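Take 4 as the starting number for the sequence shown in my numbering and just add one per residue.
Everything labelled a hint here was simulated from the structure, so no lab data went into it.
Predicted model, so just to flag it, every value in this text is computed and none were measured.
Heads up, some of the hints might be wrong.
Stated by the list, open to error - Taking lysine to aspartate or glutamate pairs in the EDC-like style, the calculated list, with each CA pair at most 20 Å apart, reads: (1) Lys47 with Asp267; (2) Lys88 with Asp59; (3) Lys337 with Glu313; (4) Lys340 with Asp323; (5) Lys166 with Glu178; (6) Lys166 with Glu36; (7) Lys316 with Glu355; (8) Lys47 with Glu355; (9) Lys75 with Asp218; (10) Lys312 with Asp291; (11) Lys164 with Glu261; (12) Lys298 with Glu261; (13) Lys340 with Glu313; (14) Lys312 with Asp325; (15) Lys337 with Asp325; (16) Lys47 with Glu36; (17) Lys47 with Asp291.
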Amino acid sequence: MWIWQQPDWPGGQQEVSPAFRYDLAELSPMLRELHFLQGLLLGKMGVQANEEAALDTMLANVLTSSAIEGEKLNHSVVRSSLARKLGIAEPQPYATTLQSDGLAAMVTDAIGNWQQPLTLERLLQWHAWLFPSDSSLVQRVQGGQLRGNEPMQVVSGRIDKPKVHFEAPPRQLLERELQCFIDWFNRSRESNDLDPLLRAGIAHFWFITIHPMEDGNGRLARLLTDLALAQAEHQSIRFYAMSVAILERRNSYYDILEQSQRGDTDITAWLSWFLDTLAASMRQVLADIEQTLQKTRFWQRVDQTRLSKEQVKVLNRLLDGDFSEGINNSQYSKVAKVSPATATRHLAQLVELGCLVNTGAGGRSTRYRLAQS
C-alpha cells in the first residue's frame with residue numbers, strides 16, 4: 004500500500020488540513036538549531052537587499068536541482084539569464100537560450116514573488132518555463148500540462164522483472180489531490196501551529212507524492228521548497244541553496260523518499276532527513292562566510308605592496324582552503340609557475356613578513372601554513 008492509499012491521506016479528505024503525522028519531540032531539537040542558524044546567517048549577511056547574493060543562490064539552486072536529475076546546465080549561460088532577469092549588469096554576458104531564460108523566469112517568479120498565492124496556473128507556468136516549446140525539436144515533454152492517463156511509476160531493473168520504486172495517485176484523482184495541496188499550501192502559510200520549516204518539508208514530500216507532471220516533479224518540488232523557505236523568512240533574498248546539500252546526499256534523498264512512500268502517514272523520518280539537510284546547507288554558508296571574513300582580516304594586516312603577484316596568488320589559494328596540510332616548495336613552484344630556487348626565496352620572504360609559518364619539519368618535508376593573526 005502506497006502512502007496516498009492510506010485512509011488518513013490528506014488528499015482523500017474533504018477538509019484541507021493535512022493528516023500527516025510526525026514526532027514533534029524528536030524534531031524539536033533540530034528545529035531549535037535551525038532557527039538559531041537562520042538568525043546567525045541573517046545577522047552575518049545583513050537583511051539589506053543584496054542582488055549579487057540573490058543571483059548566486061538562485062544560480063546554485065538551478066544548477067544543482069537539475070544536476071540531481073542528471074542534467075548538466077551551462078553555468079555561464081544560466082547566470083546571464085538570471086542576471087538579465089534581475090537587472091544586474093554583467094561585464095561579459097553570454098548568449099542565453101530558451102531553456103536558460105525559462106529557468107530564470109521560473110526561479111525569479113517563485114522567489115521574487117513569494118508573497119503571491121500558489122495557484123494551479125502558476126505551477127503550470129513554472130512547468131512551461133522548465134520545458135519551453137521549441138519548434139525545431141521533437142519534444143518528449145510538453146510544458147505546462149498535467150500528466151496523462153498512463154500510470155505514473157518510477158521503475159528500475161529488467162523489463163521482464165521491473166522493480167517499482169514509486170507509484171503516484173491515478174490520473175482521475177489528480178485534480179482533487181493537487182487542489183487539496185494548493186489549498187493547504189496557501190492556508191498553512193498563516194498557521195501559528197505549524198513551524199514554517201516543517202511546512203517546507205511537508206510541501207516538498209506532498210508534491211513529490213502527487214507527481215502531477217510527466218517530468219520535472221523533483222525540480223518543481225525543490226522550487227516549492229525554496230518558495231516556502233522564502234515565505235518563512237519573509238524576504239526574497241536567499242543566502243543558502245538547499246539543492247546543493249541535496250545533491251551531495253542524492254542517494255539518501257531518493258532512499259528516504261522511497262521509504263516514506265511505502266509507509267503510513269507518519270513522515271517523521273523524511274522530516275528528520277529534510278531538516279538535517281537544511282541545517283547542512285546553512286552550516287556550509289556560515290563556513291563560507293567565516294572563510295571570507297578570515298581572508299578579509301588577513302589582507303587587512305598584510306601590506307600587499309611588499310609582495311609579488313605570485314606570492315599573492317599562493318596566499319589566496321591557501322586562504323581559499325587549498326593545501327590544508329600546508330604548501331611545500333614544489334607545490335609553490337607549480338602554483339606560482341616559478342623555479343624551485345625562486346619558490347624557496349618567496350617562501351622565506353613570506354615567513355619573514357609574518358604571512359606564513361614553517362611547520363617545523365625539515366628538508367623536503369618542510370611545509371608552510373598561514374600565520375594566525
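Okay, the hints, checked on the actual structure:
Between Lys47 and Asp267 the CA atoms are separated by roughly 41 Å; this puts the pair beyond 20 Å, and the hint is violated. Among the hinted pairs, Lys88 with Asp59 is consistent with the structure: their alpha-carbon atoms are about 13 Å apart, no more than 20 Å. A C-alpha spacing of about 11 Å is found between Lys337 and Glu313, which places the hinted pair at or below 20 Å, so the restraint holds. Between Lys340 and Asp323 the CA atoms are separated by roughly 19 Å; this keeps the pair inside 20 Å, and the hint holds.
With a C-alpha separation of about 27 Å, the suggested pairing of Lys166 with Glu178 is violated against the 20 Å cut-off. Taken as a hint, the Lys166 and Glu36 pair is broken in the structure, with Cα atoms around 38 Å apart against an allowance of 20 Å. Proximity of Lys316 to Glu355 is assessed by CA-CA distance (about 18 Å); at most 20 Å being required, the pair is judged to hold. A hinted pair counts as satisfied when its Cα atoms are at most 20 Å apart, and Lys47 with Glu355 does not qualify at roughly 34 Å.
The hinted pair formed by Lys75 and Asp218 meets the criterion: a straight-line CA distance of about 16 Å does not exceed 20 Å. Taking the CA atoms of Lys312 and Asp291, the gap is about 24 Å. The hint is violated against a cut of 20 Å. This hinted pair checks out: Lys164 and Glu261 have alpha carbons roughly 19 Å apart, not beyond 20 Å. Simply put, Lys298 and Glu261 have alpha-carbon atoms about 43 Å apart, too far for the 20 Å limit, and the pair is violated.
This hinted pair checks out: Lys340 and Glu313 have alpha carbons roughly 8 Å apart, not beyond 20 Å. A distance of roughly 18 Å separates the Cα atoms of Lys312 and Asp325; the hinted pair therefore holds under the 20 Å criterion. The hinted pair formed by Lys337 and Asp325 meets the criterion: a straight-line CA distance of about 14 Å does not exceed 20 Å. Under the criterion of a C-alpha separation no larger than 20 Å, the hint pairing Lys47 with Glu36 is consistent with the structure, at around 16 Å.
Using a Cα cut-off of 20 Å, the hinted pair Lys47 and Asp291 holds, with the two alpha carbons roughly 11 Å apart.
Figure legend: structure checked against the earlier numbered hints; hints not met, in rising order: 1, 5, 6, 8, 10, 12.
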